[in-house]
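Engineer: With the hints as a guide, bring both chains together as one complex.
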Amino acid sequence: MNFRQFAFAAGCLAALSAPAYAETHITVLHVSDNAAQKAIWDQIAKDYNGEHKGVTVEFKYLENEAFKAKLPTMLQADESRPDLFYSWGGGVMQAQDKAGFLKDITKDVASWESDLSPTAVDAFKVDGKVVGVPFEVGEVVFYYNKKLFEKAGVKAEDIKSWDDLLAAVKTLKAAGITPFVVGAGDKWPMHFYYSYLVMRIGGEDALADAKAGKDGGFKNATFVEAGKRLHELAALEPFQPGYLSTSHAQSAGIFGDGKAAMDLMGQWLLGMQGPNATNGKGLAPEDIGILSFPVIEGGKGKATDTLGGINGWLVSKSAPPEAVDFLKFFSQEKYAKEAAAKAAYIPVVKGSESAFTDPLFKRLADDLSKTTYHQNYFDQDLGPSVGRVINDVSVAVAAGQTTPEAAAAAIQEAADQQ
Amino acid sequence: MAAATYAEAQPTATAYSEPARRMTLNSWAVVVVFLPPALLLFTVFVFLPIAEAGWYGFFNWNGYGRPEKFIGLKNYGYLFGNPTFTRSLINNGIIIVFSLLVQLPLALAVAVMIAGRLVGAVWFRMIFFLPYVLADVAAGLIWHFMFDGDYGLVGAVTTAFGAPPYFLLADKTWAFSAVLIVVLWKYFGFHMMLYIAGLQGIDPALLEAAEMDGASPFQRFWHITLPLLGPMIRLSVFFSVIGALQLFDIIVPLTGGGPFETTNTMVSFLYFFGLTRMRIGFSSAVGVVLFIICVTFAFGYQRIVMRDD
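Chain order of the listed sequences is A and B.
Counting the first sequence from 1 gives a position; this note's numbering is that position plus 4.
Counting the second sequence from 1 gives a position; this note's numbering is that position plus 1.
It should be emphasised that the hints constitute simulated quantities derived from the structure, not laboratory data.
Careful, some of the hints might be misleading.
Taking lysine-lysine and the DSS-like style, the derived pairs with C-alpha atoms no more than 25 Å apart in a straight line are [to be verified]:
id, chain 1, residue 1, chain 2, residue 2
1, A, Lys111, A, Lys133
2, B, Lys75, A, Lys232
3, B, Lys70, A, Lys102
4, A, Lys346, A, Lys42
5, A, Lys215, B, Lys173
6, A, Lys111, A, Lys332
7, A, Lys102, B, Lys173
8, A, Lys285, A, Lys42
9, A, Lys133, A, Lys354
10, A, Lys354, A, Lys338
11, A, Lys150, A, Lys74
12, A, Lys321, A, Lys341
13, A, Lys64, A, Lys263
14, A, Lys72, A, Lys321
15, A, Lys354, A, Lys223
16, B, Lys70, A, Lys321
17, A, Lys72, A, Lys102
18, A, Lys74, B, Lys173
19, A, Lys164, A, Lys72
20, A, Lys72, B, Lys173
21, A, Lys42, A, Lys263
22, A, Lys215, B, Lys70
23, A, Lys159, A, Lys174
24, A, Lys50, A, Lys306
25, A, Lys338, B, Lys70
26, A, Lys177, A, Lys263
27, A, Lys374, A, Lys159
Residues of chain B clear of chain A, computed beta-carbon distances all greater than 12 Å [to be verified]:
id, residue
28, Val31
29, Thr44
30, Lys173
31, Thr297
All values reported here derive from a predicted model rather than from experimental measurement.
Even for Gly, the Cβ is constructed at its ideal location relative to N, Cα and C.
Bound-form chain B, shown alone (with noise of 0.2 Å):
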């Protein structure tokens, strides 16, 4: 402040500094101008919602009339000691474990393999690509008839090899295996997509003078491919870890969390013993949990591992 005084107390002696000046006074007429709608707009719809829910978070409070029964830190207890949030938030992190160490190389995999010249790349890519396009709560729908015992794919599986019928998703053991292969099968598409954009933009000639000194197929791609490629993959990481932590649209079709809530998430554990249960302050501070853990994570992760990108 003191320093900004000094300067423009100083003489504006050369004619130079003129323009310099006049700049600053634009960018401050567009910043008058442009922020305030923005700024609102931002108040109104990301700021206000967040900070609601925060406070909703510290009541009792059904959702009908206004939040009335303050009860401080206890909807925090009632989630910390609650075994069913505890294993959502755990498969949370098993979907994100499988997702970094299965989804991503396998999608690699298949970039590398269709990303070239090959005959028909454009259809494998059109066909791996198409579950994504894919709306979640259609995809949960589907697989819950494939898994059927009954009637599904699995269900003539077993009929085919004489087995009695088997239910992936009335086994608590089991079950959560089903929401990961739905989840490999819907997204890793959109992973593959982006490495096959990474791929295309890597310069050909590098990897050509990389052969003709004698480099191996996979010297080329662990040496030149794969960092060249790192952009990319931090990017869908990130989706990936985000995506993991937001799932959702699978689990209440598909499962519905159960049996015996052992393939909630987080979100689907706020729907089903929040929103459900009209338990809006409980539902509020489930969110900010969700929120502190998405923030926490995309921040840090922009921070340290972005920051070059």
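So here's chain A without its partners, still in its complex pose (with noise of 0.2 Å):
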């Protein structure tokens, strides 16, 4: 017997044989590059594995660009479907459900599901069936430099309102202080003010009546109004000089050096602000504070409303059953209160609020569960077609580049074209 037969014999012996060790493979597939969630991820699938004898749970890492760009294709075909991938929900969502690649789990999940934060479970039902699992939700909110508003005599307890943030800002400005830092060279972050401005004119149904179509769509007067409002502060010249190229990590550093006094950005900014300011530090977190966004008066919005992202895992539809009872193991208690203990995310495991310690991401967690209407990211809501086009109107319409009613009218035009 020569090498080749050798080799022959073994490769055939091999395939002949692997059916007998059957492992089931899990691949969940995410964008996340946050070292703190890593850990505990791996953790968890390392518990699994060792739990589940023949069955292997991996994650694996795509930067989150290339997972956009890379995901439609990979769905396509069997051999290169993940079982587990990560979602932002909304119409990204949606298409794919559309398109056949997701499975109803509505059953699967009926068990315990009310373990979870039911407005991030809503998040991932497409037309009422479940079709994925959210494990965290974010919050957007103005985080302020405690030491500039002492500087400029500003309270944060005094800015309720509308008006009081306009004030703010005109004696923020006057102490010769930079009132808001953004990224708007990465558009989306002048997109928060925008989506802010429409649930506290319009309320919890703003979005749902503008996707549907209700009263010119878009081109409502709640979408409007939000863009007038939008331009009234930006005419104030709150934003960092240059704020048009400013990208978002950028952003994050100037936040970081004590240039700006506020950023309105969701929770990641905490992790940000340091390893981007100059001296790779950045503020200490005693010297950050939380502001909720005002109340416009007359608008139907609560102050307590939230905005902010809702990840979770959609179950792709070859996926094998022990996925997700994996996810069932993955949103257990005690992980999730690790994550908060850890202040790696904000879990959507009911109680995990209790468990967390520092007291930014406390009061976070504790926001998101006295919220009394949740809204995802208006650019994930809408799917990134039309979503991008708020992102685009909301600098336009900040600069003065675009008036309310012609960005109004840009967003239904996306819609229209879809």
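Structural biologist: As structure tokens, this is what we get:
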């Protein structure tokens, strides 16, 4: 027997014996580059693999943009399709469901979905059927620099309404302090302003009504009014110089450097402001405060309505039953509490908020557990096509490049082209 | 066809026509054996993707599942009514004009200066060529920091003069000049190298002869160097135009197409308004337009300008 024959025989043997050791392999594709988050996930996978013989769960990472570009192709073929994959919910998830790539797991999660926040669970339903399981929620708030507020004589407790915010902007400007930092070069940071204004003016139904095409859809009074308010704010020149070319990462660094008083941003800013600051440390956590987006006089929205991401795992159509079983395992309170204790993320498992020790995260978790209406990011909710137009027009309206009416019409036009 | 049949029907009377016939058979064999793999690769990796893009261009499709919503020429309609796309086309035009009128003459001038056996010429060549070796994305990122009004080189200069900070990349009137600066800095070394190679191929005897005949340095350059460099110049114009049409990697990290979509090129438009918005049908339509422009230019230019090279 020469080497070739031997190799061939060995290959045949391996091929024959493979089914005997059949392993269920579950791939979980994600985009997180948060080390604390990944450490917990890997631990969960390890625990699960240890307890379940013959099942291997593996977390695989793809960079955010690469993930979004590759996923449509990966979902096409059985060989490349991940069993579970990261999702922001909203329009993309609906497109994936419509193309038949997602599994209906309504029955599988019925017994334990009540352990999770109902808003978050709803975010992963398409036409009433559950297609995924959420694991984290976020909240967009104004993070403020306590020292700069003190220097200018602005009291965060006094900022309750939109007019209070405008007054605070003027006071800060008068003290020579840049009121807001925004990474408008990346556009989406500016859409947080526009989104919150829509929510505060139009309340819970504003976005749903616009999507349904009521009163002219996105051209309705709420969206136009939100644009006007945004422009009113921007007319005070509250943003850092050159904000149109500032990237998101740069903006976090500017906040960390103490060069601007406020940043309307998601919870990840707390982890980003340090590494992006000039000295690599940024602001001390005790110097950072949290301020909810103010209410608008006469608006339908409440101060307790929250805007923020909801992330979860979608189950692809060819996933084995063990994949859903793993999600149940994943959603245990002990892991959620560990994530909370380490301030890795804000888990959606009920009761985990008590485990937070970090006061800033605790505040966010409290807000989210008491939320009167939680809205997913507009650009995720609406899907990439309309969502990115919202980002574009938010910047254009703020900078006075477009009128609020034209901006609203541009969103509707994108919605019509879908 | 008829002619071929007639030729074959002729008796092969003469002995010397025999090898010629065998040659034809051999070359047919070569074609049969070697053509299919090449044709297959070309079909799978070049022709099919192009044809597919052309097909997707007629659909409203987000990339998931199969394209089903046939919308005819609507994607092209959206495209030509879109001010951002028009702006991108104009930007591509500006880059081409700028490359031809500023970049290439500059590259030629520097090449003439350092092509000879000047002390340190090799070092100059290396320094000027270095930016070309750098990845486009890295170049874009580096310049994004350089142009920053707070922390960048521009910021340092304005501070030194006591001027208020200036943010070139946030200035919708001038941001595109930043793209031109980076294009010049990045690709001028490549064209310079082409010219140096061309200059080294020119027989020094010609220049010496002209010098003896009393030709001035300018006359020598104009009447000898330049015409002999012709093929190289035509080649570098070709690279320059095609490169300008396909410019993308620098734009994304440098300006992201902003502010207010004033710095997009056709390809960055395709990326920002097609792919990232999951409008695969629409991006395919953009791709088709870009393809037609490039192919028309490439074939037209090679037929007309590079005919003799």
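Engineer: Work down the list of hints and note, for each, if the structure agrees.
Structural biologist: Structure-based check of each hint:
Our distance criterion of 25 Å between C-alpha atoms is met by lysine 111(A) and lysine 133(A), whose separation comes to about 9 Å. At roughly 33 Å between alpha-carbon atoms, lysine 75(B) and lysine 232(A) are farther apart than 25 Å, so this suggested pair is violated. Under the criterion of a C-alpha separation no larger than 25 Å, the hint pairing lysine 70(B) with lysine 102(A) is consistent with the structure, at around 13 Å. The hinted pair formed by lysine 346(A) and lysine 42(A) meets the criterion: a straight-line CA distance of about 12 Å does not exceed 25 Å.
A C-alpha spacing of about 32 Å is found between lysine 215(A) and lysine 173(B), which places the hinted pair above 25 Å, so the restraint is violated. Proposed proximity of lysine 111(A) and lysine 332(A) is supported: the alpha carbons are some 13 Å apart, at most 25 Å. Straight-line distance between C-alpha atoms of lysine 102(A) and lysine 173(B) comes to about 40 Å, which puts the hinted pair past the 25 Å bound. The straight-line distance between the Cα atoms of lysine 285(A) and lysine 42(A) is roughly 22 Å, inside the 25 Å bound, and the hint therefore holds.
Of the pairs offered as hints, the one joining lysine 133(A) and lysine 354(A) holds, with about 21 Å between alpha carbons and a cut-off of 25 Å not exceeded. Restraint check for lysine 354(A) and lysine 338(A): satisfied, since their Cα atoms lie roughly 11 Å apart, inside the 25 Å limit. Annotation: proposed proximity of lysine 150(A) to lysine 74(A) is violated, straight-line Cα distance about 43 Å (limit 25 Å). Under the criterion of a C-alpha separation no larger than 25 Å, the hint pairing lysine 321(A) with lysine 341(A) is inconsistent with the structure, at around 30 Å.
A C-alpha spacing of about 38 Å is found between lysine 64(A) and lysine 263(A), which places the hinted pair above 25 Å, so the restraint is violated. Restraint check for lysine 72(A) and lysine 321(A): satisfied, since their Cα atoms lie roughly 19 Å apart, inside the 25 Å limit. A distance of roughly 38 Å separates the Cα atoms of lysine 354(A) and lysine 223(A); the hinted pair therefore is violated under the 25 Å criterion. Simply put, lysine 70(B) and lysine 321(A) have alpha-carbon atoms about 23 Å apart, close enough for the 25 Å limit, and the pair holds.
The suggested pairing of lysine 72(A) with lysine 102(A) holds, with an alpha-carbon distance near 17 Å, which does not exceed 25 Å. For the given pair, lysine 74(A) sits about 33 Å from lysine 173(B) by alpha-carbon distance, which is inconsistent with the 25 Å threshold. Straight-line distance between C-alpha atoms of lysine 164(A) and lysine 72(A) comes to about 38 Å, which puts the hinted pair past the 25 Å bound. With a CA separation close to 29 Å, the supplied pair lysine 72(A) and lysine 173(B) exceeds the 25 Å bound.
For the given pair, lysine 42(A) sits about 32 Å from lysine 263(A) by alpha-carbon distance, which is inconsistent with the 25 Å threshold. Among the hinted pairs, lysine 215(A) with lysine 70(B) is consistent with the structure: their alpha-carbon atoms are about 20 Å apart, no more than 25 Å. With a C-alpha separation of about 13 Å, the suggested pair lysine 159(A) and lysine 174(A) falls inside the 25 Å cut-off, and the hint holds. Between lysine 50(A) and lysine 306(A), the direct Cα distance comes to roughly 43 Å. Violation of the 25 Å bound is thereby established for this hinted pair.
Annotation: proposed proximity of lysine 338(A) to lysine 70(B) is violated, straight-line Cα distance about 47 Å (limit 25 Å). Between lysine 177(A) and lysine 263(A), the direct Cα distance comes to roughly 12 Å. Compliance with the 25 Å bound is thereby established for this hinted pair. A threshold of 25 Å between alpha carbons decides the hint, and for lysine 374(A) with lysine 159(A) the separation of about 24 Å falls inside it, so the pair holds. Its beta-carbon lying about 32 Å from the closest one in chain A, valine 31(B) satisfies the requirement of being farther than 12 Å from that chain.
At roughly 20 Å from the closest C-beta of chain A, the C-beta of threonine 44(B) stays outside 12 Å, upholding its exclusion from the interface. With a closest Cβ-Cβ approach of about 8 Å to chain A, lysine 173(B) is found to fall inside the 12 Å limit, against its non-interface label. Distance check on threonine 297(B): its Cβ is at least 29 Å (rounded) from any Cβ of chain A, clearing the 12 Å threshold; non-interface status holds.
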